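Start from the sequences and build out the full structure, keeping to the hints where you can.
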Amino acid sequence: MFSLEIESDKLKEALEAAEVLVDECKLNFTPEGFTIRAVDPANVAMVTLELQREAFINYEASEGEIGVDLKKLLDLLAMSRKDDVVNLQLDETGHKLLIHIGDLSYTTSLLDPSTVRKEPKIPKLELPSQIILPGSVLVRAIKAADKVGSYLWMKVDNNLAAFILEAEGDTDHVQLTLSKDELITLQSETDARSLFSIEYLLDIGKTLGKANEVRINLANDHPVKIQFTIADGCGEVSYLIAPRVESD
Amino acid sequence: MFSLEIESDKLKEALEAAEVLVDECKLNFTPEGFTIRAVDPANVAMVTLELQREAFINYEASEGEIGVDLKKLLDLLAMSRKDDVVNLQLDETGHKLLIHIGDLSYTTSLLDPSTVRKEPKIPKLELPSQIILPGSVLVRAIKAADKVGSYLWMKVDNNLAAFILEAEGDTDHVQLTLSKDELITLQSETDARSLFSIEYLLDIGKTLGKANEVRINLANDHPVKIQFTIADGCGEVSYLIAPRVESD
Amino acid sequence: MFSLEIESDKLKEALEAAEVLVDECKLNFTPEGFTIRAVDPANVAMVTLELQREAFINYEASEGEIGVDLKKLLDLLAMSRKDDVVNLQLDETGHKLLIHIGDLSYTTSLLDPSTVRKEPKIPKLELPSQIILPGSVLVRAIKAADKVGSYLWMKVDNNLAAFILEAEGDTDHVQLTLSKDELITLQSETDARSLFSIEYLLDIGKTLGKANEVRINLANDHPVKIQFTIADGCGEVSYLIAPRVESD
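Protein chains in written order, with our numbering: chain E, 403 to 650; chain X, 403 to 650; chain U, 403 to 650.
Watch out, some of these pointers could steer you wrong.
All copies of an identical chain are treated as equivalent in the list; a pair is satisfied when it fits inside any one copy or across any two copies.
Claimed, not checked - Below, a list of computed lysine-lysine pairs in the DSBU-like style, where the Cα atoms sit at most 35 Å apart:
(1) Lys612 to Lys582
(2) Lys484 to Lys412
(3) Lys523 to Lys412
(4) Lys498 to Lys549
(5) Lys526 to Lys484
(6) Lys582 to Lys520
(7) Lys498 to Lys582
(8) Lys498 to Lys545
(9) Lys474 to Lys582
(10) Lys484 to Lys582
(11) Lys473 to Lys549
(12) Lys608 to Lys414
(13) Lys549 to Lys484
Read the hints as simulated data drawn from the structure, not as lab findings. As the structure is a computational prediction, the values presented were derived from the model and not from experiment.
In structure tokens:
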């Protein structure tokens with residue numbers, strides 16, 4: 403069904419982007435690349451991811467899907483070193499994955515895709531406020547907020563022309579105010595504000611810290627969409643995190 | 403009551419010097435700088451510390467005191483990076499501390515100074531033997547002693563013109579003999595020897611390892627005073643550790 | 403009985419090679435150097451080691467043996483820094499070891515050699531297949547195998563002219579095939595294959611990773627001998643690991 407060759411770091415980067423939310427997922431192959439779509443066990447955060455055939459040294463695949471244990475696969479890939487090329491293919495039965503990392507050959511069982519949690523539908527959302535900023539800035543705000551509380555406000559204040567990240571604890575408060583000229587982009591017709599669990603943002607932060615440009619789409623009491631490219635632009639990761647809506 | 407601007411590393415260095423002994427303390431402000439005076443819960447070790455106005459980029463303060471949770475404050479300051487400048491001021495109520503680290507703004511509650519353990523009186527002591535040595539040498543001796551036992555002798559042997567650090571365990575013994583020419587200074591009219599808990603010395607060792615010159619004042623079965631400067635000479639830390647006096 | 407002076411790193415390297423298998427051992431001194439021979443508590447792996455007088459800066463010893471607690475001795479030697487020279491001698495009673503590391507002097511009790519587990523006999527073995535490879539390659543194969551199962555096959559396939567390392571888990575399989583030109587040496591008249599516990603190989607891997615050349619001697623369902631030099635060629639370590647023989 404497929405035979406791939408790719409720099410190990412690119413494959414790891416893609417799989418880790420899913421692994422921060424789920425232990426198992428399906429990889430959907432087409433002749434153009436593979437995609438992942440998964441939602442965390444508590445239904446708070448969703449990841450969609452594509453890795454295009456251009457990200458690979460060699461890529462041959464027909465339509466199909468496999469079920470993978472992401473932690474185990476990443477554990478095996480951890481044997482690869484910087485600049486190692488990894489080769490993946492299905493065995494003839496279609497139930498086992500053959501992995502070659504240099505001289506090392508692994509055979510690992512795949513999961514039956516029917517036992518893997520059903521892929522989520524991607525909701526249609528209007529998230530009109532858009533912010534683009536370096537991943538490291540966002541991660542720093544998440545870590546600062548984590549010292550204070552459990553939830554982070556993401557806000558666009560149109561008067562201030564600023565993107566504001568804010569957390570409140572029992573005794574402490576923290577705020578990061580990024581004015582338009584400190585951001586790569588701030589596009590917003592109106593104010594926007596939504597509240598998110600820092601726990602999920604910390605998980606996602608593990609993967610987006612390296613991204614030079616992270617795009618955030620925001621509205622009022624709506625999910626946030628956080629997107630960035632991987633594999634030198636030949637892939638994209640998109641997270642959608644449900645807001646915590648405060649009841650009256 | 404105050405508004406300060408200082409390189410984050412200098413502030414952290416000062417607060418850590420107190421935090422190795424106590425979780426909470428008072429900061430006493432005067433127009434000339436701030437001081438800390440605190441004793442550990444077991445009344446074995448005391449720290450006194452001053453940071454002069456010259457250590458700050460901007461310093462404005464009237465007489466007054468605040469109560470701080472040192473661990474929490476250092477945890478927030480951990481968000482600062484090398485060369486970051488941190489700005490501290492009281493809010494209008496005087497009960498909250500405003501901390502700015504670059505774009506990050508924290509508000510954190512202060513402790514009611516009346517709930518913080520009373521500051522110790524500084525005892526008047528005659529400690530006539532004085533040794534000055536690099537902090538790293540003292541820390542090395544403390545670590546070597548810790549492998550062997552729980553108590554460390556600090557001795558001046560006037561015949562040998564040497565400063566001797568010595569620990570005895572059940573089966574092992576370790577000794578570091580530093581002759582006058584291996585020390586920066588050794589001034590002593592008589593012999594001196596006192597025994598100290600290695601546990602406290604290890605705690606203090608966390609802060610004095612970087613000091614180029616650590617001054618030790620010693621007598622017989624008396625406390626030891628261990629002093630060094632911080633903030634490029636614009637501050638000073640002084641520890642006083644009670645001896646373990648062996649009963650007959 | 404002896405007085406030695408040696409670069410601390412060389413002494414640590416030798417003692418660590420034994421310490422991966424046993425906590426205590428005897429050091430047997432002769433005028434030509436010292437040797438260690440010890441077997442792990444489960445009788446699966448044996449280490450024999452010699453450090454020749456040429457490995458030392460100064461070496462004076464008569465025939466004799468001492469019992470040492472390897473963990474404690476290595477813990478004390480951990481106080482030495484790169485390029486430190488360490489000096490070891492027996493005290494006059496012969497029951498205590500004096501260790502000098504720069505200014506530091508330790509005295510540590512020795513074990514009564516009669517309380518240390520008896521030294522194993524070295525079995526006579528015919529292990530006709532010989533492989534020489536860099537230690538790092540062997541360690542990499544051991545780590546890769548550890549991700550998959552508990553036992554590692556070491557095989558020589560004469561048809562392929564290859565040395566094969568192979569592990570099988572419940573669902574996964576890993577194989578490293580090293581052809582003759584990837585090895586430093588492969589000498590074998592026949593095929594050979596034996597199965598070994600990865601746990602022991604991981605322990606031994608801590609010491610052999612740095613060796614440029616590791617010599618492996620192998621047969622069918624026989625122990626494996628793994629040898630390498632230490633101390634710039636002035637010492638040698640040899641491990642013998644019992645095979646797991648599969649019953650029918």
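Status of each hint after checking the structure:
For a Cα distance limit of 35 Å, the shortest separation of Lys612 from Lys582 inside one copy, 22 Å, qualifies, whereas the shortest one across copies, 41 Å, does not. With identical chains, the CA atoms of Lys484 and Lys412 are at most 35 Å apart both within one copy (11 Å) and between copies (31 Å). Proximity of Lys523 and Lys412 under a CA criterion of 35 Å is satisfied intra-copy only: 26 Å inside one chain copy versus 52 Å between copies. Proximity of Lys498 to Lys549 under the C-alpha cut-off of 35 Å is restricted to the inter-copy arrangement: shortest distance 17 Å between copies versus 44 Å within a copy.
Proximity of Lys526 to Lys484 under the C-alpha cut-off of 35 Å is found in neither arrangement, the shortest distances being 39 Å within a copy and 44 Å between copies. Taking the shortest alpha-carbon separations for Lys582 and Lys520, neither the intra-copy value of 40 Å nor the inter-copy value of 48 Å comes in at or below 35 Å. For a Cα distance limit of 35 Å, the shortest separation of Lys498 from Lys582 across copies, 29 Å, qualifies, whereas the shortest one inside one copy, 51 Å, does not. When the C-alpha separation of Lys498 and Lys545 is checked against a cutoff of 35 Å, the pair qualifies only between copies, where the shortest distance is 21 Å, while the shortest distance within a copy is 40 Å.
For the identical chains of this complex, Lys474 and Lys582 are inter-copy neighbours only, at 31 Å across copies versus 43 Å inside a copy, given an alpha-carbon limit of 35 Å. In this homomeric assembly, Lys484 and Lys582 come within 35 Å of each other (Cα to Cα) only across copies, at 25 Å, whereas the closest approach inside a single copy is 37 Å. Proximity of Lys473 and Lys549 under a CA criterion of 35 Å is satisfied in both settings, with 28 Å inside one chain copy and 12 Å between copies. Within a single copy, Lys608 and Lys414 get their C-alpha atoms as close as 13 Å, and across copies as close as 27 Å, so both meet the 35 Å cut-off.
In this assembly of identical chains, the alpha carbons of Lys549 and Lys484 lie at most 35 Å apart whether taken from the same copy (34 Å) or from different copies (19 Å).
Hint compliance for this structure: hints 5 and 6 are broken, all remaining hints hold.
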